[in-house]
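A.B. asks: Listed below are the residues making up each chain.
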Amino acid sequence: MYPKELKYTDDHEWIRVENGKAYVGLTHYAQEQLGDVVFVELPDVGEEFEMGDSFGVVESVKTVSDLFMPVAGKIVEINEGMEDSPEAVNEDPYGEGWIVAIEIEDKGQLDQLMDSEAYQKTLE
Amino acid sequence: MKNRDLIFEKSRPGKVGYSLPELDVPQKDNILPDNLKRKEPAPLPEVAEGEVIRHYINLSQLNHSVDNGFYPLGSCTMKYNPKINEDISRLPGFAGLHPYQSEDMTQGALKIMAELEKYLCEIGGMDRVTLQPAAGAHGELTGLMLIRAYHKHRGQEQRKKIIIPDSGHGTNPASVTMCGYETVEIPSDDKGCIDLEALKEVLDDKVAGIMLTNPNTLGFYEENVSEVCRMVHEAGGLLYYDGANANAIMGYSRPGDMGFDIIHFNLHKTFGTPHGGGGPGSGPVGVKDKLVPFLPNPMVEEEDGKYFFDYDRPQSIGRVRSFYGNFGVLLKAFTYIRMMGARGLKQVSEDAVLNANYIMEKLSKSYYLKYHRNCMHEFVLSGKKQKDEHGVTTTDIVKNLLDHGIHPPTVYFPLIVEEAMMIEPTETESKETLDNFIEVMEKIAKMAEEDPEKLKEAPFTTPVRRLDEASAARNPILKWEPEE
Numbered sequence: 284m285y286p287k288e289l290k291y292t293d294d295h296e297w298i299r300v301e302n303g304k305a306y307v308g309l310t311h312y313a314q315e316q317l318g319d320v321v322f323v324e325l326p327d328v329g330e331e332f333e334m335g336d337s338f339g340v341v342e343s344v345k346t347v348s349d350l351f352m353p354v355a356g357k358i359v360e361i362n363e364g365m366e367d368s369p370e371a372v373n374e375d376p377y378g379e380g381w382i383v384a385i386e387i388e389d390k391g392q393l394d395q396l397m398d399s400e401a402y403q404k405t406l407e
Numbered sequence: 126m127k128n129r130d131l132i133f134e135k136s137r138p139g140k141v142g143y144s145l146p147e148l149d150v151p152q153k154d155n156i157l158p159d160n161l162k163r164k165e166p167a168p169l170p171e172v173a174e175g176e177v178i179r180h181y182i183n184l185s186q187l188n189h190s191v192d193n194g195f196y197p198l199g200s201c202t203m204k205y206n207p208k209i210n211e212d213i214s215r216l217p218g219f220a221g222l223h224p225y226q227s228e229d230m231t232q233g234a235l236k237i238m239a240e241l242e243k244y245l246c247e248i249g250g251m252d253r254v255t256l257q258p259a260a261g262a263h264g265e266l267t268g269l270m271l272i273r274a275y276h277k278h279r280g281q282e283q284r285k286k287i288i289i290p291d292s293g294h295g296t297n298p299a300s301v302t303m304c305g306y307e308t309v310e311i312p313s314d315d316k317g318c319i320d321l322e323a324l325k326e327v328l329d330d331k332v333a334g335i336m337l338t339n340p341n342t343l344g345f346y347e348e349n350v351s352e353v354c355r356m357v358h359e360a361g362g363l364l365y366y367d368g369a370n371a372n373a374i375m376g377y378s379r380p381g382d383m384g385f386d387i388i389h390f391n392l393h394k395t396f397g398t399p400h401g402g403g404g405p406g407s408g409p410v411g412v413k414d415k416l417v418p419f420l421p422n423p424m425v426e427e428e429d430g431k432y433f434f435d436y437d438r439p440q441s442i443g444r445v446r447s448f449y450g451n452f453g454v455l456l457k458a459f460t461y462i463r464m465m466g467a468r469g470l471k472q473v474s475e476d477a478v479l480n481a482n483y484i485m486e487k488l489s490k491s492y493y494l495k496y497h498r499n500c501m502h503e504f505v506l507s508g509k510k511q512k513d514e515h516g517v518t519t520t521d522i523v524k525n526l527l528d529h530g531i532h533p534p535t536v537y538f539p540l541i542v543e544e545a546m547m548i549e550p551t552e553t554e555s556k557e558t559l560d561n562f563i564e565v566m567e568k569i570a571k572m573a574e575e576d577p578e579k580l581k582e583a584p585f586t587t588p589v590r591r592l593d594e595a596s597a598a599r600n601p602i603l604k605w606e607p608e609e
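Protein sequence lines correspond, in order, to chains F and C.
Number 407 marks the last residue of the first sequence (our numbering); no jumps.
Number 609 marks the last residue of the second sequence (our numbering); no jumps.
What the hints contain is simulated information worked out from the structure, not anything from laboratory work.
Keep in mind that a hint or two might mislead.
As the list claims (entries may be wrong) - Stretches of chain F that chain C covers, calculated by requiring three or more beta carbons in the stretch to come under 8 Å of a beta carbon on chain C:
#1 319 to 326
#2 343 to 349
What the hints assert, rightly or not - Listed below are the simulated EDC-like cross-link pairs for lysine to aspartate or glutamate, each with C-alpha atoms no more than 16 Å apart in a straight line:
#3 K490/C - E564/C
#4 K604/C - D130/C
#5 K512/C - E315/F
#6 K487/C - E564/C
#7 K510/C - E407/F
#8 K509/C - E315/F
#9 K510/C - E575/C
#10 K331/C - E359/C
#11 K345/F - D593/C
#12 K509/C - E407/F
#13 K495/C - D315/C
#14 K345/F - E543/C
#15 K510/C - D476/C
#16 K345/F - E594/C
#17 K512/C - E407/F
#18 K495/C - D513/C
Quick reminder that beta carbons are idealized off the backbone N, C-alpha and C, glycines included.
Generate the whole structure from the sequences, applying the supplied hints.
C.D. replies: Written as structure tokens, this is what we have:
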């Protein structure tokens, strides 16, 4: 449910660093709380955000919530698949359901995030 | 079920529901330019008059309304709408008025607008009120435009932030964005009220104002409201009162006295006029003296017993609505206020609060209450207990309410309560209706315990069962198209 190789935020985003960029998405818990996701509003490639800034919006049948940057960085890729199949957030939150890829500004900020175990503790 | 066929699906070629007399004047062709003409006839349904009547009567009977059942939709104040309001608004002298008639011919209508304004000023503790805004959110936008005009006039255009607590209504941040402002959200404290420390942190010379409901969305009176007003004023901001929850305070407490500068009223909530599609709505905005010059044009004034529209107000933000607002709705609210009288309105709020507390206390035994303290006109119950213990969600619970002829409460809002059910009974329900609701909710709690799998399939008796909301939102079919 909460892969060991990811880092997690209080706002229920995950981040995975790979080949110089980092993928960001919503956790299993977040997608379960949201219910069926029907729309994801994405930022533009090239936009820059601070840690904790809202970079997009996720809309489900129940509610609308902001998406927050786990760490500061620049958007280098967005998941184009979100337009036609936002349900990927529900069905495969750590795979097909990734939302953006970013170039991290300061890798040191990753240390402020939670590991899988610490995140799961916050859910109890 | 035949009843649910669309009117288009009932169509049969050649059927007609009308007959026109034969043409007895010379026919004129080519009146319209070619580019405005249809290439082929519109695919309108072909049905007989009787079928049309049955179609729409059957559809209307599938509706749930406050006239045929309990409707505890939190934050919407679904009170009974007295039918005398309709009678008065349909008097031929009012119904036949045209807004282009001269002031001489419309003195009665102008007088009613002036008097309604006075009543709303008195109820809200404000100095003047514009009747133009056509809905609550329209009132919010108007109020924010007034805030902007005020700061601009004082050379404080850098003020662009509006503070909204996390329990605020969703329309608040939307209106802020519409106005070109930026929302700053602050958290609630552990009692469900504004966190003064959090407020202090965001106050600076960029703050244009704060938007609050009081009682707030959790149904609690903001005990520190005077302190909030003092702090925001000291920082140079203005205070906006979202009147969505005004049904709780009439005659007991006035936003103007609390320290607010601006208020909108929802006539369709507090003052017994119909909601939404059956409305339209109406969202008059009241202000304190310092904001009066900016109110929309025109204002109704009186001089020597003669009423007139005053357009000579150079600092006005201009019109926010064609003509003078939803006049028919204003009439209904005027009638409501006159029928209730000052003491009656006070009784309204007293009974609304009593009814909500009665249900809350009774249901706190079978459901989880995140904040268990005296509420005002509404409260937020949670389906968390049922979810944790039996895997049944708030959706499942409220769908079953439909089987008992009760409209579900507002659900999954406010966002700060898990599995939220926001319940507002209003003052117009009898003890028998409240008891029936309590009994039904207890029955559902029992079903969650004994047969959760069955409850997940509710509703059982409605014309359509569980709808696929996700598909409807992802791939909405917005218009009927003939089959190829």
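A.B. asks: Given the hinted pair K604/C and D130/C, is their alpha-carbon gap at most 16 Å?
C.D. replies: 14 Å, holds
A.B. asks: Holds or violated: K490/C and E564/C, Cα atoms, limit 16 Å.
C.D. replies: 12 Å, holds
A.B. asks: K510/C and E575/C: Cα distance at most 16 Å?
C.D. replies: It holds: about 14 Å lies between the C-alpha atoms, which stays within 16 Å.
A.B. asks: Take a quick look at whether K495/C and D513/C sit within 16 Å of each other, Cα to Cα.
C.D. replies: 14 Å, holds
A.B. asks: Hint check: K509/C vs E315/F, CA-CA at most 16 Å. Holds or violated?
C.D. replies: 14 Å, holds
A.B. asks: Please work out if K495/C and D315/C have their alpha carbons no farther apart than 16 Å.
C.D. replies: With a Cα-Cα distance of about 10 Å, the restraint between K495/C and D315/C holds, given a limit of 16 Å.
A.B. asks: Mind checking the alpha carbons of K510/C and E407/F for me, to see if they're no more than 16 Å apart?
C.D. replies: Distance of about 15 Å is within 16 Å: holds.
A.B. asks: When I compare C-beta atoms, does the segment 343 to 349 of chain F have three or more residues closer than 8 Å to chain C?
C.D. replies: holds (count 5)
A.B. asks: Take a quick look at whether K509/C and E407/F sit within 16 Å of each other, Cα to Cα.
C.D. replies: Within the cut-off at roughly 14 Å; holds.
A.B. asks: Tell me if the straight-line CA distance from K487/C to E564/C falls inside 16 Å.
C.D. replies: 9 Å, holds
A.B. asks: Are the Cα atoms of K345/F and E594/C separated by 16 Å or less?
C.D. replies: 9 Å, holds
A.B. asks: Taking 16 Å as the top limit, are the C-alpha atoms of K331/C and E359/C close enough?
C.D. replies: 13 Å, holds
Hint check: a violation occurs at hint 15 only; the rest are consistent with the structure.
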